[in-house]
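> Protein sequences appear in the order of chains A and B. FYI, in the working numbering the residues of the first sequence are 105 to 576. FYI, in the working numbering the residues of the second sequence are 105 to 576.
Any copy will do: because identical chains look the same in the list, a pair fits if it lies in one copy or spans two.
Distance condition first, Cα-Cα at most 25 Å in a straight line; then the derived SDA-like pairs of lysine to any residue:
| # | residue 1 | residue 2 |
| --- | --- | --- |
| 1 | 493 | 273 |
| 2 | 493 | 279 |
| 3 | 486 | 501 |
| 4 | 243 | 211 |
| 5 | 148 | 344 |
| 6 | 327 | 204 |
| 7 | 493 | 547 |
| 8 | 513 | 440 |
| 9 | 130 | 276 |
| 10 | 419 | 269 |
| 11 | 493 | 482 |
| 12 | 130 | 269 |
| 13 | 347 | 145 |
| 14 | 309 | 544 |
| 15 | 130 | 272 |
| 16 | 486 | 564 |
| 17 | 130 | 271 |
| 18 | 347 | 237 |
| 19 | 493 | 270 |
| 20 | 243 | 347 |
| 21 | 178 | 197 |
| 22 | 148 | 273 |
| 23 | 130 | 141 |
If you're looking for bench data, these hints aren't it; they were derived computationally from the structure.
There are 2 protein chains.
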Amino acid sequence: MNPKPQLLLLASLFFGGIAFSQNVNKEDSTMLRTIYNTALLEGKSYAWLDDLSNTIGGRLSGSLEAEKAVQYTKEELEKLGLDKVWLQPVMVPKWTRGIPEYAYIETAPGITSLANICALGGSVATPDGGLKAEVIEVKGIQELASLGKDKIEGKIVFYNRPMEATQIATFSAYGGCVDQRYAGAMEAAKFGAVGVIVRSMNLRKDDYPHTGSMTYGDAPENKRIPACAISTNGADYLSSALKIQPDLKFFFNQNCKVYPDVQSYNVIGEITGTEFPNKYMIVGGHLDSWDLGDGSHDDGAGCVQSMEVLQLFKKIGYKPRHSIRVVLFMNEENGLRGGNKYAEEAKLKQEEHVFALESDAGGFTPRGFSFDTDAANFEQIKTWEPLFKPYLIHYFEKGGSGADIGPLKNEKIVLAGLRPDSQRYFDYHHASNDTFDAVNKRELELGAATMASLVYLMDKYGTKTEFISIKK
Amino acid sequence: MNPKPQLLLLASLFFGGIAFSQNVNKEDSTMLRTIYNTALLEGKSYAWLDDLSNTIGGRLSGSLEAEKAVQYTKEELEKLGLDKVWLQPVMVPKWTRGIPEYAYIETAPGITSLANICALGGSVATPDGGLKAEVIEVKGIQELASLGKDKIEGKIVFYNRPMEATQIATFSAYGGCVDQRYAGAMEAAKFGAVGVIVRSMNLRKDDYPHTGSMTYGDAPENKRIPACAISTNGADYLSSALKIQPDLKFFFNQNCKVYPDVQSYNVIGEITGTEFPNKYMIVGGHLDSWDLGDGSHDDGAGCVQSMEVLQLFKKIGYKPRHSIRVVLFMNEENGLRGGNKYAEEAKLKQEEHVFALESDAGGFTPRGFSFDTDAANFEQIKTWEPLFKPYLIHYFEKGGSGADIGPLKNEKIVLAGLRPDSQRYFDYHHASNDTFDAVNKRELELGAATMASLVYLMDKYGTKTEFISIKK
Numbered sequence: 105m106n107p108k109p110q111l112l113l114l115a116s117l118f119f120g121g122i123a124f125s126q127n128v129n130k131e132d133s134t135m136l137r138t139i140y141n142t143a144l145l146e147g148k149s150y151a152w153l154d155d156l157s158n159t160i161g162g163r164l165s166g167s168l169e170a171e172k173a174v175q176y177t178k179e180e181l182e183k184l185g186l187d188k189v190w191l192q193p194v195m196v197p198k199w200t201r202g203i204p205e206y207a208y209i210e211t212a213p214g215i216t217s218l219a220n221i222c223a224l225g226g227s228v229a230t231p232d233g234g235l236k237a238e239v240i241e242v243k244g245i246q247e248l249a250s251l252g253k254d255k256i257e258g259k260i261v262f263y264n265r266p267m268e269a270t271q272i273a274t275f276s277a278y279g280g281c282v283d284q285r286y287a288g289a290m291e292a293a294k295f296g297a298v299g300v301i302v303r304s305m306n307l308r309k310d311d312y313p314h315t316g317s318m319t320y321g322d323a324p325e326n327k328r329i330p331a332c333a334i335s336t337n338g339a340d341y342l343s344s345a346l347k348i349q350p351d352l353k354f355f356f357n358q359n360c361k362v363y364p365d366v367q368s369y370n371v372i373g374e375i376t377g378t379e380f381p382n383k384y385m386i387v388g389g390h391l392d393s394w395d396l397g398d399g400s401h402d403d404g405a406g407c408v409q410s411m412e413v414l415q416l417f418k419k420i421g422y423k424p425r426h427s428i429r430v431v432l433f434m435n436e437e438n439g440l441r442g443g444n445k446y447a448e449e450a451k452l453k454q455e456e457h458v459f460a461l462e463s464d465a466g467g468f469t470p471r472g473f474s475f476d477t478d479a480a481n482f483e484q485i486k487t488w489e490p491l492f493k494p495y496l497i498h499y500f501e502k503g504g505s506g507a508d509i510g511p512l513k514n515e516k517i518v519l520a521g522l523r524p525d526s527q528r529y530f531d532y533h534h535a536s537n538d539t540f541d542a543v544n545k546r547e548l549e550l551g552a553a554t555m556a557s558l559v560y561l562m563d564k565y566g567t568k569t570e571f572i573s574i575k576k
Numbered sequence: 105m106n107p108k109p110q111l112l113l114l115a116s117l118f119f120g121g122i123a124f125s126q127n128v129n130k131e132d133s134t135m136l137r138t139i140y141n142t143a144l145l146e147g148k149s150y151a152w153l154d155d156l157s158n159t160i161g162g163r164l165s166g167s168l169e170a171e172k173a174v175q176y177t178k179e180e181l182e183k184l185g186l187d188k189v190w191l192q193p194v195m196v197p198k199w200t201r202g203i204p205e206y207a208y209i210e211t212a213p214g215i216t217s218l219a220n221i222c223a224l225g226g227s228v229a230t231p232d233g234g235l236k237a238e239v240i241e242v243k244g245i246q247e248l249a250s251l252g253k254d255k256i257e258g259k260i261v262f263y264n265r266p267m268e269a270t271q272i273a274t275f276s277a278y279g280g281c282v283d284q285r286y287a288g289a290m291e292a293a294k295f296g297a298v299g300v301i302v303r304s305m306n307l308r309k310d311d312y313p314h315t316g317s318m319t320y321g322d323a324p325e326n327k328r329i330p331a332c333a334i335s336t337n338g339a340d341y342l343s344s345a346l347k348i349q350p351d352l353k354f355f356f357n358q359n360c361k362v363y364p365d366v367q368s369y370n371v372i373g374e375i376t377g378t379e380f381p382n383k384y385m386i387v388g389g390h391l392d393s394w395d396l397g398d399g400s401h402d403d404g405a406g407c408v409q410s411m412e413v414l415q416l417f418k419k420i421g422y423k424p425r426h427s428i429r430v431v432l433f434m435n436e437e438n439g440l441r442g443g444n445k446y447a448e449e450a451k452l453k454q455e456e457h458v459f460a461l462e463s464d465a466g467g468f469t470p471r472g473f474s475f476d477t478d479a480a481n482f483e484q485i486k487t488w489e490p491l492f493k494p495y496l497i498h499y500f501e502k503g504g505s506g507a508d509i510g511p512l513k514n515e516k517i518v519l520a521g522l523r524p525d526s527q528r529y530f531d532y533h534h535a536s537n538d539t540f541d542a543v544n545k546r547e548l549e550l551g552a553a554t555m556a557s558l559v560y561l562m563d564k565y566g567t568k569t570e571f572i573s574i575k576k
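Same shape as in the complex, but just chain A (with noise of 0.2 Å):
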């Protein structure tokens, strides 16, 4: 596992000096043994998670708990000793769940079992004293046109496409279905549906409801059905029962309510550049979750990685040569305004922003990242996979990067995501059991020197297309 012969013949043809190359590689590889350790040995990511997780808990745009977070991680960063620490407006969307949902299916008047099931998010409530129909279950949004209005007017639409076991991606498993979740209720209503149940996505056979964001697009009021996700057990147990006896009714009550937009902040603190201050490389996590369990995975070990990556470069006294923030965001849950804030005030200020980082994708051991770039770029972060390798990190691959990033994007930035093992994120995703104890301790630090690591050398090389504007 020893890196250094490869090192060593890619520096070469990268800097075209061995003296050099050799000072360059030991260097680097030294620095990321020393990040490593200190992520390991005095991280403080697993501790920060603990108070966000534990203390405050689940943190839905617009709730208090969403407000205890933004100062509380103010607060830490401030204790950090950055060169600033400060507060970004940005209103958001309020959504409550209300009064807990329940829900029964009931095969004969009286004769009822319960299913688990939880509100969407963003979903409006069940008329005044629950709703209760016959039920249509189809695989897909596209089942809906064949079956047309005939068939599902007046009914709940119960859409059980599951994630495809045999992805070995989850996240691509996941983007095979969350259609259903997102537009389920939206396209049923056309068809004159009177509410929806989605079957959770999670791989895994189990009871916990899995919440997430869906839309209404432009609809009207009166034409916006109630929409519940139900737990993959509950959807087997609901399919069978409907293939036994297709006029079961399904009944589901739900509280949900929207509220006006509330005052939020995105949190930001910043290592100032020495050679660059007015570039800007930006490593961040998405600080509100949804309200089921206490966002241990989603987001709060981004948060925390990211935190973790200043507190890092402090500890160990690197001093970049662009401006390094960390970026927590709020609102990518049910919104995404804390992300379009960021990037629309990076635009007015002018401010340069040559390359992000998002960690969302779970506190699970890292494996590596994801990239949107171009090819001069990949090809500079490719030569740095040897560097990464006594830490088991393999995965460079171009592909998408995070949500929250995502509008800072034009043809100079490098976007970049962590990638960790993804086997059980869906596990715990949107889900109750999104707890502290889901995470481990030394996969999260892991993840954190991952990421500290890459922010290190993009930081010290420079990417491609900076150079290129430098150069102008």
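Given the coordinates of chain A, work out where chain B should sit on it, guided by the hints.
Below, chain B alone, put in the same frame as chain A:
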């Protein structure tokens, strides 16, 4: 992530013909996809593990549970329609924990605080009514000589060197500490110690004591002192208490007992090879476990994954050229009698074993394999790496393989060990929380598919050493 271009290049180098190699490699990548799909959709490993863990439980050598596990796995293998299934008799040691251990720290007469301990496997009991003595803390065996008999005699030696958090491979951190557990009592007794406490081999701070094997060497019975493991939290507490009050006393009571050896078995199933029925490739794990948990990760996972390899071959109709055996070894934990017996009989019967693969590092997301083999075989194996890339299998390194297959080692056999992600392994290893709920279904199945894929490639292309012997 499309491996094709690289594959073709490698293949053309190896098989010397593009037309042939394209064919070969398409066949291989299709076969791997089939193996992974079948494991994820029609795998039996998780259901088997449920039975082994939750119906049978911890399977210490010589216990009723171990015998039940022998019967259960034999019956399950018989259901697969293999060519042969049999039991290979082997005598195993029988050590029992007896009435649960207990311990406390006494800072003044009557002022005590409980400590979480468990007897080390193979330890003698404490004297009737327990053992109470002063404690001397050391960081390792080598400190004993410098302290000398003066400072040790009549005391309990407390080995408190922790696993190194900075080791990315947690097995290396384990390797750096386990001498305290294995030989600590034997060495301390030479200086007149009356007992031994060992810090649990666990990177996490928690309350679980972790057992594991130990030896007294050839010390006479009256020179054998009782030894226990203390949880990491307990070790930290004891250490800090000793700093305040060096003359505190530690009490522990354990009731272990050694019985005469009992009859047990390795469980073996075979698909007989179509071309080389007398050349054997084996895949295995160990059926025994410690008694504190239910041995789900160590090594229920390895057993059911090994069974799954043969199940997958039957399911997809793959008829191997070599005879493929699953071997569930008895008594890895405290004797290695099963591994030794299997190798002895193979030698006696002149069975040519060309490949052996063990899974004994937990049922976590697979990362790859380590190999104990020569340069020619390793070079061949490395050419298969691109086939595994779509499954995020990236670790192909020289190194150890597995304890049970070690006795088969000779100049010709290729030995390999599955290498899953190791970050959480020692949270559970040999402790009461090594239970079924700590295993994720997909991670377990991916491991089995990864093993089956390697066995398929090994079977199809043969080992390099095997080719040499064929040419003779």
